[in-house]
Amino acid sequence: MNRPGPVGLAILTAFAVVAVIELRTVLGAIGIDVAIGPYYAGVTILFGVSILAVYALPKNGTPARA
Amino acid sequence: MGVFANEYPDEAFVVRAALGSAFVALALGGLMGIIQTLHRTGYYDSLISNADYYTVLTLHGVAMVLLFTIFFLVGFFQWAMTDSLGRESEDIRITKLWYGMMVLGAAMSAVAILGGFFDSGSLGDVQADVLFTFYAPLEAHPIFYVGLAVFLVGTWLAGVDWFRSWWAWKQDNPNERTPLRAFMVLTTMLMWYLATAGVAISVIFFLIPWSLGIFDSVNALLTRTLFWFFGHPVVYFWLMPVYMMWYVIMPKLAGGRLFSDPLARIVFVLFLVLSVPTGIHHQYVDPGIAEGFKFLAMTNTMFLLLPSFLTAFTVVASLEHGARQRGGEGYFSWLTALPWHRPAFTGMSLAGLMFAAAGFSGMINAGMSINYLVHNTLWVVGHFHMTVGTAVALSFMAATYWFLPIITGREIFSRRLGLAQVLLWFMGMVLMGNAMHRAGLAGVPRRTADPTYDQVVFDGAYGAIGELRFQIALGGVLLSLSLLLFFTHIVLSSFDIGDRAAATPDTIPAPLSGPEHAPAVLDNLRLWTTVAIVLILLTYILPLASIVTNGGWLGGSYGALVAEYVLPAVSSTLDVFVGVIG
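Residue numbers (the numbering used here), protein chains in the order written: chain P, 54 to 119; chain X, 492 to 1073.
It is worth saying that the hints were derived from the structure and are not from the lab. We put the beta carbon where it would ideally sit given N, CA and C, even for glycine. Take these hints with a grain of salt, some might be off.
Unchecked claim - A partial selection of chain X residues facing chain P, derived with a Cβ cut-off under 8 angstroms:
#: 1; residue: Trp831
#: 2; residue: His832
#: 3; residue: Thr837
#: 4; residue: Leu910
#: 5; residue: Phe917
#: 6; residue: Met918
#: 7; residue: Val921
#: 8; residue: Leu922
#: 9; residue: Asn925
#: 10; residue: Ala955
#: 11; residue: Glu958
As the list claims (entries may be wrong) - Each pair of labels, with its calculated beta carbon distance range:
#: 12; chain 1: P; residue 1: Ile98; chain 2: X; residue 2: Ser860; range: 40 to 48 angstroms
#: 13; chain 1: X; residue 1: Leu796; chain 2: P; residue 2: Thr66; range: 26 to 34 angstroms
#: 14; chain 1: X; residue 1: Trp658; chain 2: P; residue 2: Phe100; range: 54 to 62 angstroms
#: 15; chain 1: X; residue 1: Thr939; chain 2: P; residue 2: Ile98; range: 39 to 47 angstroms
To be verified - Here are some chain P residues the structure puts well away from chain X; computed CB gaps all over 10 angstroms:
#: 16; residue: Ala94
#: 17; residue: Gly95
#: 18; residue: Leu99
#: 19; residue: Phe100
#: 20; residue: Leu105
#: 21; residue: Ala106
#: 22; residue: Val107
#: 23; residue: Tyr108
#: 24; residue: Leu110
#: 25; residue: Lys112
Using the sequences and the hints given, assemble the complete structure.
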């Protein structure tokens, strides 16, 4: 798996932001109420780690970025 | 071949003017959108009163779904006709005339709506708090209806102008197939002529005389049915130019070619034939229409899924072809080879994705039994914000990034800014649209300034109502930011800011399977229009006859008079006639 480019990351982030906000609602619906502060703090940390993980991936010229 | 703006300067001027009008309407509608979103969700409800909410709602609806969309599409269609036929307008004065009529009509209707913000009497009771559906018993000032009629006639003239161009081209090229873009414009306009017959009759023969005081009353069910005769196909009027963008622009941006010209023609013929005889599915809860007619409308509506599925196949196949031309490989990895850095491509792709989701919620709306669950709830609002608010509006905005250089001769200001704008719109609409659907399932009504009147409490089946309201408000804010970015971008692109190159000539590549593979009968517009008319008559004659028989042409006392005097007279005349020919 190669590292996505800045454009790919921006599009993935758009999907991730929506998913994160919706996820808290889904958790509430199945009886897991997470306070808003810890939830978004946790999500932000997770998001930061994910970005670092993405940058740890090898940068390889795929046809898309060629 | 040069840049369109230089090749056809007069036509490019009209296209720019039409897009400019569309963007003014978009700005006005967008401003009303954020005001009503924050008011309704309770986050900021002190800016307007609950009474003014309906003025805001009407302006939002009319500006967005009638003015923004239609101004944009006439500009886009003007380009499509001129560029695909390779000829100027037959008479540019006619082209400017229909555009001028549309502007005049739009201004009249907008003034009437804006009058609703002023106290009664200060503007001579000019108001039009009738929402974008404007059927009786809600009544507007006559200037609103007259404005709509002028606007409508402007669109009709535009169609005549384009048919005239096509006819002249046909005389010069008798043995050639109509170019795909011109074919799409012509089928769309034929559908529009059929669809607008209902609303034209309603406005000219009932609503204008009623608002002028010539009639004391009108048959509300009749005006509502005539509105929806137009009100559903108008959705396809917005959607068909979007389909043209997806069929023509997206494959090109992807680096490939349209997969199949014949399939695209079939899709547009299906829209021409099937769009109109579906409107009664908006009236499932109307007690004045028999269930059988509603069932017929539901069946016709479900058939309309076919052109959408065909489009999904053709567009995705074209994109895959383009991606593989760019070196894409594998079952799904080719997706990464697509030009996601281009806001035009990304915006239209996300719009298509949202349209797929909206199609599924549309099937719920169209299903006769399950519609009762969501009818008149916020679900419906969520549905059309994902269709017209995303599939159409986002495609139009995204296409602008590709289209602007063609009609101005100058490149856009910044692709990155454009990309941020379309992504913000996507995020905002996913949040708002999804939350509206779920709030609708909880029974939250639409078209209500304060849904919690009478201390009613809604229980969300999936998430709390407070959370859904937050998501709606957040979505609305993101959409407003996106609009702000869009307008900033348009303004910056209009001036000589930065080091931007002049636009280079752009052509639409030939399809992989060209028009020579399409059966000639597909281009027989007379045949398809006749089929469409027959279907409309089969679907509408009996329900309309039933509505008039039961409620009279004008409802109320006039209807009783008609039943007492006119109908027996007609019946006697028919008896005499039958006796004579018998």
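Here is what the structure says about each hint:
1. Trp831: holds (5 angstroms)
2. His832: holds (5 angstroms)
3. Thr837: For threonine 837 of chain X, the interface hint holds, since the closest Cβ of chain P sits about 7 angstroms away, which is under 8 angstroms.
4. Leu910: holds (7 angstroms)
5. Phe917: holds (6 angstroms)
6. Met918: Interface hint status for methionine 918 of chain X: holds (5 angstroms vs cutoff 8 angstroms).
7. Val921: At 5 angstroms from the nearest chain P Cβ, valine 921 of chain X passes the 8 angstroms test, so the hint holds.
8. Leu922: Given a least distance of 6 angstroms, the restraint on leucine 922 of chain X holds.
9. Asn925: Hint holds; asparagine 925 of chain X Cβ to chain P Cβ min 7 angstroms, cut 8 angstroms.
10. Ala955: holds (6 angstroms)
11. Glu958: holds (5 angstroms)
12. P:Ile98 <-> X:Ser860: 40 to 48 angstroms: At 47 angstroms between Cβs, range holds.
13. X:Leu796 <-> P:Thr66: 26 to 34 angstroms: Taking Cβ atoms as reference, leucine 796 of chain X and threonine 66 of chain P lie about 33 angstroms apart, which means the hint holds.
14. X:Trp658 <-> P:Phe100: 54 to 62 angstroms: holds (59 angstroms)
15. X:Thr939 <-> P:Ile98: 39 to 47 angstroms: Hint holds: Cβ distance 41 angstroms, inside 39 to 47 angstroms.
16. Ala94: Holds, because the least Cβ-Cβ distance between alanine 94 of chain P and chain X comes to about 18 angstroms, which exceeds 10 angstroms.
17. Gly95: holds (17 angstroms)
18. Leu99: Label holds. Min Cβ-Cβ 18 angstroms, cutoff 10 angstroms.
19. Phe100: Nearest chain X Cβ is 14 angstroms from phenylalanine 100 of chain P, so the label holds.
20. Leu105: Holds: least Cβ distance 21 angstroms, greater than 10 angstroms.
21. Ala106: Alanine 106 of chain P clear of chain X: closest Cβ-Cβ about 18 angstroms, beyond 10 angstroms.
22. Val107: holds (14 angstroms)
23. Tyr108: holds (17 angstroms)
24. Leu110: holds (13 angstroms)
25. Lys112: holds (14 angstroms)
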